[in-house]
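Novice: Sequence:
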Amino acid sequence: MAKHMNLGGFTKSVLAEKYRIKRNEIGEDARLAKFGMVFTIRSYEVKGAGHLCIMRMKAFGGIMKMETVIIAPYGMDAPLMNVDWVGVLGKETLMVEFYDSQLSPWPDELQAEFRSIASGDADLADRASGAHWYDSIRYPCSYDKSGKGLTERFNRTAQAYIRTFCRQLSELPGCTRKERQEKRQRIGDFAGELYAQGGPAVDMITKLFGRETAKRVIMRHLYGV
Numbered sequence: 313m314a315k316h317m318n319l320g321g322f323t324k325s326v327l328a329e330k331y332r333i334k335r336n337e338i339g340e341d342a343r344l345a346k347f348g349m350v351f352t353i354r355s356y357e358v359k360g361a362g363h364l365c366i367m368r369m370k371a372f373g374g375i376m377k378m379e380t381v382i383i384a385p386y387g388m389d390a391p392l393m394n395v396d397w398v399g400v401l402g403k404e405t406l407m408v409e410f411y412d413s414q415l416s417p418w419p420d421e422l423q424a425e426f427r428s429i430a431s432g433d434a435d436l437a438d439r440a441s442g443a444h445w446y447d448s449i450r451y452p453c454s455y456d457k458s459g460k461g462l463t464e465r466f467n468r469t470a471q472a473y474i475r476t477f478c479r480q481l482s483e484l485p486g487c488t489r490k491e492r493q494e495k496r497q498r499i500g501d502f503a504g505e506l507y508a509q510g511g512p513a514v515d516m517i518t519k520l521f522g523r524e525t526a527k528r529v530i531m532r533h534l535y536g537v
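Going by this note's numbering, the sequence shown opens with residue 313, and the numbers climb by one from there.
To be clear, the hints were calculated from the coordinates, so they are not data collected in a lab.
Given the structure is predicted, the values throughout are model-derived calculations rather than measurements.
Misleading hints may appear alongside valid ones.
Once the Cα atoms are required to be at most 20 Å apart in a straight line, the calculated DMTMM-like pairs of lysine to aspartate or glutamate come out as [stated by the list, open to error]:
#1 K359 / E491
#2 K527 / D389
#3 K359 / D456
#4 K334 / E357
#5 K324 / E337
#6 K370 / D396
#7 K457 / D396
#8 K359 / E340
#9 K330 / E483
#10 K330 / D389
#11 K519 / D389
#12 K519 / E505
#13 K346 / E505
Pairwise CB distance ranges, derived in the manner of DEER restraints [what the hints assert, rightly or not]:
#14 G402 / F347: 33 to 41 Å
#15 N318 / R479: 17 to 25 Å
#16 S448 / E340: 34 to 42 Å
#17 E425 / F347: 38 to 46 Å
#18 D456 / G504: 17 to 25 Å
#19 D420 / F347: 44 to 52 Å
All residues carry an ideal CB built from backbone N, CA and C; glycine is no exception.
Using the sequences and the accompanying hints, generate a full structural model.
Specialist: Shown next, in the form of structure tokens:
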């Protein structure tokens with residue numbers, strides 16, 4: 313079986329080609345462990361671009377693994393990007409999601425680049441995940457598929473999405489201080505709603521470590537609010 317790639321390390325290395333990256337000190341939140349579940353969290357400031365978070369989870373001796381990579385762009389007018397990979401007993405899920413956090417519309421020609429990447433996996437059925445509170449702000453060029461024996465394909469697809477988005481960041485217009493504050497609030501709204509509405513990882517962290525820790529992890533570490 314092919315090995316799942318280090319998406320966080322890949323993202324960080326691509327961003328480092330154009331931006332200076334500084335790791336944030338988050339104290340004891342860097343490693344949260346309970347009942348056989350271990351979360352490791354790394355938070356970074358990407359100078360001039362925004363916030364990067366890499367969160368990994370391993371449970372029950374590696375039977376379940378998860379990696380989340382978030383790019384919250386505060387320095388330019390770009391969407392919010394969430395990448396999630398989950399592996400459970402040989403079945404994998406890859407989600408690459410873009411959310412509308414811009415001041416101006418995201419140009420369709422830039423969205424088309426991601427539609428082109430996704431077309432390479434057109435033979436894979438989209439994952440049926442039901443309705444969510446964020447559907448109205450989730451861009452259609454997002455990606456959500458699962459299956460077995462897809463490690464190498466998911467690695468290639470995730471790399472392509474991440475590299476393309478990081479390149480677009482350097483091409484999109486920057487923000488003034490006032491505009492950045494407005495955008496931060498929009499990302500803050502998303503993070504706050506995620507905390508309030510919940511989700512698999514959010515619910516897990518809340519149940520294991522309490523609401524105060526969960527709120528700190530989601531708002532501050534994951535999204536840099």
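Novice: All the hints need checking, so say for each whether the structure fits it.
Specialist: Results for each hint:
Distance hint between K359 and E491 is fulfilled; the C-alpha atoms sit about 17 Å from each other, no more than 20 Å. A distance of roughly 26 Å separates the Cα atoms of K527 and D389; the hinted pair therefore is violated under the 20 Å criterion. Distance hint between K359 and D456 is unfulfilled; the C-alpha atoms sit about 30 Å from each other, more than 20 Å. As the CA atoms of K334 and E357 are separated by approximately 5 Å, the hinted pair is consistent with the 20 Å bound.
About 17 Å separates the Cα atoms of K324 and E337, which keeps this hinted pair within 20 Å; it holds. For the hint pairing K370 with D396, the CA-to-CA distance comes to about 14 Å; that is within 20 Å, so the pair holds. A hinted pair counts as satisfied when its Cα atoms are at most 20 Å apart, and K457 with D396 qualifies at roughly 11 Å. For the hint linking K359 to E340, the alpha-carbon distance of about 24 Å lies beyond 20 Å, and the restraint is violated.
As the CA atoms of K330 and E483 are separated by approximately 11 Å, the hinted pair is consistent with the 20 Å bound. Pair hint K330 plus D389 holds up; C-alpha atoms about 17 Å apart against a cutoff of 20 Å. With a C-alpha separation of about 35 Å, the suggested pairing of K519 with D389 is violated against the 20 Å cut-off. Of the pairs offered as hints, the one joining K519 and E505 holds, with about 18 Å between alpha carbons and a cut-off of 20 Å not exceeded.
For the hint linking K346 to E505, the alpha-carbon distance of about 25 Å lies beyond 20 Å, and the restraint is violated. Our hint of 33 to 41 Å for G402 and F347 is violated, since their Cβ atoms are close to 23 Å apart. Between N318 and R479 the C-beta distance comes to about 20 Å, which sits within the given range of 17 to 25 Å. Separation of S448 from E340 is about 36 Å and conforms to the stated range, judged on CB atoms against 34 to 42 Å.
At roughly 42 Å, the beta carbons of E425 and F347 sit within the given window of 38 to 46 Å. Distance hint check: the CB atoms of D456 and G504 are about 23 Å apart, consistent with the given range 17 to 25 Å. One distance hint, 44 to 52 Å for the beta-carbon pair D420 and F347, holds here, with the actual separation near 46 Å.
Checked against the numbered hints listed earlier, the structure breaks hints 2, 3, 8, 11, 13, 14; every other hint is satisfied.
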